[in-house]
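Student: Chains A and B, in that order, give the protein sequences.
When the letters of the first sequence are read in order and numbered with numbering that gives the first Met the number 0, they come out as residues 0 to 158.
When the letters of the second sequence are read in order and numbered with numbering that gives the first Met the number 0, they come out as residues 0 to 177.
Since the hints were derived computationally from the structure, they do not count as laboratory data.
Because the structure is a prediction, the values reported are computed rather than measured.
Any given hint might turn out to be false.
As the list claims (entries may be wrong) - Some chain B residues flagged as far from chain A (calculated, every beta-carbon gap over 10 Å):
(1) E4
(2) A20
(3) Q49
(4) H56
(5) R67
(6) R118
Said to hold, decoys possible - Label-pair restraints from in silico Cβ distances:
(7) R10/B - I136/A: 25 to 31 Å
(8) Q145/B - D20/A: 39 to 45 Å
(9) H28/A - R67/B: 39 to 45 Å
(10) E173/B - R22/A: 24 to 30 Å
(11) R39/B - V18/A: 54 to 60 Å
(12) R39/B - R66/A: 22 to 28 Å
(13) V84/A - D122/B: 29 to 35 Å
(14) A137/A - D24/B: 56 to 62 Å
(15) D70/A - R39/B: 54 to 60 Å
Claimed, not checked - Straight line, CA to CA, 25 Å or less: simulated PhoX-like cross-link-like pairs of lysine-lysine:
(16) K123/B - K48/A
(17) K123/B - K118/A
(18) K54/B - K27/B
(19) K1/A - K54/B
(20) K27/B - K1/A
(21) K161/B - K123/B
(22) K54/B - K48/A
(23) K123/B - K54/B
(24) K161/B - K1/A
Built from N, CA and C at the ideal position, the CB exists for glycine as well.
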Amino acid sequence: MKCSDVLDLVEPIAAGDLVPDERVREHLHSCPGCAGALASARRVEAQLKTMEFPAAPPAFATRVLQRIRRDRWQSEQNVDRLFNVAIVAAVILIVGGLVAMLNVATMISLTSSVWTVLKEGGRESVRTAAPTVGTYIAAVGLLASALGMWAWAERRIQF
Amino acid sequence: MEFDERELIERCRSGDDTAFAELVDRYKDLVYGLIYRMVRDRGLADDLAQDVFLKVHRGLPYFRGEARLSTWIFRIVQNACVQTRTSRRRDVSLEDGPDDRPPRQFGSVDQAFGAIEDRDRLDKALAQLPPNYRMLVVAHYMRGVQYESLAEALNLPLGTVKTHLYRAKRRLRELLEK
Chain A
0 MKCSDVLDLV EPIAAGDLVP DERVREHLHS CPGCAGALAS ARRVEAQLKT
50 MEFPAAPPAF ATRVLQRIRR DRWQSEQNVD RLFNVAIVAA VILIVGGLVA
100 MLNVATMISL TSSVWTVLKE GGRESVRTAA PTVGTYIAAV GLLASALGMW
150 AWAERRIQF
Chain B
0 MEFDERELIE RCRSGDDTAF AELVDRYKDL VYGLIYRMVR DRGLADDLAQ
50 DVFLKVHRGL PYFRGEARLS TWIFRIVQNA CVQTRTSRRR DVSLEDGPDD
100 RPPRQFGSVD QAFGAIEDRD RLDKALAQLP PNYRMLVVAH YMRGVQYESL
150 AEALNLPLGT VKTHLYRAKR RLRELLEK
């Protein structure tokens with residue numbers, strides 16, 4: 000048996016994970032180098048087993064809980080901030096939506112378009128009404144986003 | 000998972016701070032001891048150990064209980080140490096320390112000093128191990144974390160964990176024999 004083979008087994012033997020067979024024992028008996036390596040490995044093993052580990056400092060758990068409370072407070076503050084931003088955005092969107100809806104010129108244009116539809120019908124009326132319908136779709140979209148944002152903010156504040 | 004541990008986790012999940020304090024008390028020495036052995040700085044170890052428990056607190060709602068709680072916590076400790084490692088590197092020489100030490104004499108006091116010296120040399124040798132090896136050695140010898148738990152926590156085959164540990168100890172031996 001070669002030294003390199005035995006040296007590979009030194010750590011498992013020292014850790015007690017491997018019981019050396021006859022050939023390994025014979026080699027260890029006759030080879031001072033490998034026997035020395037095993038003795039050294041056993042010393043390291045013993046030193047590691049008695050290695051000291053410092054205990055956590057006093058009041059460690061209390062400090063951890065304080066940090067958790069601080070963390071929780073911080074995240075509540077962030078939710079508050081987000082809520083305020085959402086409210087401001089929602090108000091802007093609602094006002095924008097209402098202004099768009101109550102736009103007199105648009106209403107007149109729509110009435111005129113409807114009258115034209117009734118009066119002239121056909122392709123001409125569709126062509127005239129199309130831009131106004133777009134305005135209404137945009138207004139409804141704005142209102143829907145505002146309400147959605149409001150609902151989201153309400154849900155977050157309940158957290 | 001033991002019933003006791005499951006119950007504790009459930010109580011923590013329901014927002015019971017007393018239960019979480021109990022969990023911290025149960026694992027604080029393991030977490031702090033492991034981290035201290037990795038960073039060798041009490042202040043930093045304290046901060047990192049607190050970070051680990053914050054992560055545990057945040058992660059508990061998502062902890063499915065497939066692994067043991069200690070295994071999961073060990074994994075968090077390992078990640079914390081890896082992240083710290085990238086920002087902080089330290090080279091420690093086995094020969095660091097005062098050079099004006101008195102010559103060794105025989106006797107019980109000298110034996111005590113010899114033991115301290117040996118421990119110091121071991122500490123410095125450990126600090127020279129690659130971090131992944133050091134973590135394995137420290138975890139294995141600290142609280143007798145078994146090979147199986149290490150393999151589970153590190154998501155490595157059992158044989159690989161053993162091989163890494165043997166290599167780590169061989170390297171340690173070489174460093175101590177220098």
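Student: Next step is simple, just say for each hint if it's right about the structure.
Tutor: Structure-based check of each hint:
The beta carbon of E4/B is kept farther than 10 Å from every beta carbon of chain A, the shortest such distance being approximately 17 Å. Some Cβ of chain A comes within 10 Å of the Cβ of A20/B; the nearest lies about 5 Å off, and the non-interface call is violated. Listed as outside the interface, Q49/B is inconsistent with that label: its C-beta sits roughly 5 Å from the nearest C-beta of chain A, within the 10 Å cut-off. With a least CB separation of 5 Å from chain A, H56/B falls inside the 10 Å interface cut-off, contrary to its annotation.
Every C-beta of chain A lies more than 10 Å from that of R67/B, the closest at about 20 Å, which supports listing it as non-interface. A Cβ of chain A approaches the Cβ of R118/B within 10 Å, the least distance being about 7 Å, so the stated non-interface status is violated. Evaluation of the 25 to 31 Å hint for R10/B and I136/A yields a failure: the beta carbon distance comes to about 53 Å. Judged by the Cβ atoms, the range 39 to 45 Å given for Q145/B and D20/A is violated: they are separated by roughly 25 Å.
The hinted window of 39 to 45 Å between H28/A and R67/B holds, with their beta carbons roughly 43 Å apart. E173/B and R22/A have their C-beta atoms about 25 Å apart, which keeps the hinted 24 to 30 Å range intact. One distance hint, 54 to 60 Å for the beta-carbon pair R39/B and V18/A, is violated here, with the actual separation near 36 Å. In this structure the supplied range 22 to 28 Å holds for R39/B paired with R66/A, their Cβ-Cβ distance being about 23 Å.
One distance hint, 29 to 35 Å for the beta-carbon pair V84/A and D122/B, is violated here, with the actual separation near 52 Å. Taking the beta carbon of each, A137/A and D24/B are about 60 Å apart, inside 56 to 62 Å as hinted. Our hint of 54 to 60 Å for D70/A and R39/B is violated, since their Cβ atoms are close to 27 Å apart. For the given pair, K123/B sits about 16 Å from K48/A by alpha-carbon distance, which is consistent with the 25 Å threshold.
At roughly 97 Å between alpha-carbon atoms, K123/B and K118/A are farther apart than 25 Å, so this suggested pair is violated. Restraint check for K54/B and K27/B: satisfied, since their Cα atoms lie roughly 14 Å apart, inside the 25 Å limit. The hinted pair formed by K1/A and K54/B fails the criterion: a straight-line CA distance of about 50 Å is larger than 25 Å. Distance check on the hinted pair: K27/B and K1/A sit about 47 Å apart at the alpha-carbon level, beyond 25 Å; violated.
Between K161/B and K123/B the alpha-carbon distance is near 23 Å, which keeps this suggested pair within the 25 Å criterion. Of the pairs offered as hints, the one joining K54/B and K48/A is violated, with about 30 Å between alpha carbons and a cut-off of 25 Å exceeded. In summary, the hint linking K123/B to K54/B is not supported, as the alpha carbons are separated by about 30 Å, beyond the 25 Å threshold. For the suggested pair K161/B and K1/A, the alpha carbons sit about 23 Å apart, so the restraint of at most 25 Å is met.
Hints 2, 3, 4, 6, 7, 8, 11, 13, 15, 17, 19, 20, 22, 23 from the list above are not met by this structure, while the remaining hints are.
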